[in-house]
Amino acid sequence: MREMINMIVVLTALTAFSGGLLASIQSGTEVQIENQILKFQKAPAIKELFPEATNDPLAERFTIKKDDIELQIFPGKLSDGSKVVAFETKGTGFGGPVGLMVGIDLETDQIIEVRVTTHSETPGIGSRAKDDLSFVSQFAEKSIDTNFALKGDNGEIDAISGATVTSKAVSLAAIQAKEIYQKLKPEIMKQIK
Amino acid sequence: MAQSLVKEFTKGLWAEIPPFRLVLGLCPVLAVTKSVENGIGMGIATTFVLIFSNFLISLLRNVIPSKVRIASYVVIIATFVTIVELVMQAYTYELFLKLGIFIPLIVVNCIVLGRAEAFANKNGPILSIADGLGMGIGFTASLAALGAVRELLGNGTLTIWGGVPAFEMGANFLPFQFMVEAPGAFVGLGLMLCMMNLIGKK
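Sequence lines, in order, name chains A and B.
For this note's numbering, count along the first sequence from 1 and bump the result up by 2.
For this note's numbering, count along the second sequence from 1 and bump the result up by 76.
Everything labelled a hint here was simulated from the structure, so no lab data went into it.
Mixed in with the good hints there might be a few duds.
[Stated by the list, open to error] In silico DSSO-like links for lysine-lysine, alpha-carbon gap of 30 Å or less:
| hint | chain 1 | residue 1 | chain 2 | residue 2 |
| --- | --- | --- | --- | --- |
| 1 | B | 174 | A | 41 |
| 2 | A | 68 | A | 185 |
| 3 | A | 85 | A | 41 |
| 4 | A | 49 | B | 174 |
| 5 | B | 83 | B | 174 |
| 6 | A | 92 | B | 174 |
| 7 | A | 79 | A | 67 |
Given only the sequences and the hints, what does the whole structure look like? Please build it.
What follows is the structure in structure tokens.
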């Protein structure tokens, strides 16, 4: 009995201590990690979405809050004068959240392009969602009303063979982007003018 | 004391150098050594975890009940690995992207758990730090050496730090692509192991 109590006490103390230590380190590095993700993940993705942007979507970013949604919006102006926005949504993949940066034309409500940003999918399998552009190009130039579910779920998106879970994460992120966009469009238009 | 300290430190550098003599922790050794930079980054991350986990486990060796020691070691090791992961994300994001999944996988690296079980469990904190430091430096040096061979032959460059090649072969050099791919890692490691055994033969 004494031995069992001893084991429970030691393990509880160890895990509690490590939990506390990690929480404090995470809150200490949070801002810095956010900056790094902005610089190395979101910035290149936005650049690929809007190669012809005449403004700096990163510098002009703003945040919209409505109900319980908080969304960071990157507004862009293209060289032909059309106004576009990009924002990031997340779907749950094989190894955690998969971020998807979605670029939308505000006038036609069409998706311009999408890019996978942060992910921890298996290298060479799930990571193809990011590296192999033929998958994400399926979303390009589609109306936001499109059914972005996978073909197996009666949608219009072909999954990557061998990486169904990751494909589903991207598809869910796109569906979420659609919902958020339809809900927040009035607010976005108000902010951009 | 001082003599055994030096002994525990230096054994990790040659006599028991982890990937070659102990042949432990081969998964990151084979996977990340595409360049010297990746090898050094992975080595430093592992060294950090080794030193701190050895130190803490040796401090707690009389407190941790032996029946749950492995569980306790894993908690301690995982904590330090997560710290490394967060710090790398915050300050060396590009390297973090290159090493990717292999940083969290340090938790299951046999060297770290192996040193905890074989050394820190039985020795004092100072000796355990020396052991962890020696093993860590040995591991880093091995990864850097294997990375150098593979990068030089496979890519014609040597990248020590920061993503900029410190040395490049001339334009006439034809890269031996095979060496930076997965099979090249096995061949490179095998040849280096063979040379180590040849030199070490008495």
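For the pair supplied as a hint, residue 79/A and residue 67/A, confirm whether the alpha-carbon distance does not exceed 30 Å. 23 Å, holds
Does the structure keep residue 68/A and residue 185/A at a Cα separation of 30 Å or less? 9 Å, holds
Do the alpha carbons of residue 83/B and residue 174/B lie within 30 Å of each other, as the hint requires? 35 Å, violated
Do the alpha carbons of residue 174/B and residue 41/A lie within 30 Å of each other, as the hint requires? Holds, at roughly 16 Å.
Regarding the pair residue 85/A and residue 41/A, is the alpha-carbon distance no greater than 30 Å? 23 Å, holds
Take the C-alpha atoms of residue 49/A and residue 174/B, compute the straight-line distance between them, and say whether it is at most 30 Å. Answer holds: residue 49/A to residue 174/B is near 21 Å, not above 30 Å.
For residue 92/A and residue 174/B, compute the direct alpha-carbon distance and say whether it is at most 30 Å. Between residue 92/A and residue 174/B the Cα gap is close to 22 Å, so the pair holds against 30 Å.
Taken one by one, the earlier hints fail for this structure only at number 5.
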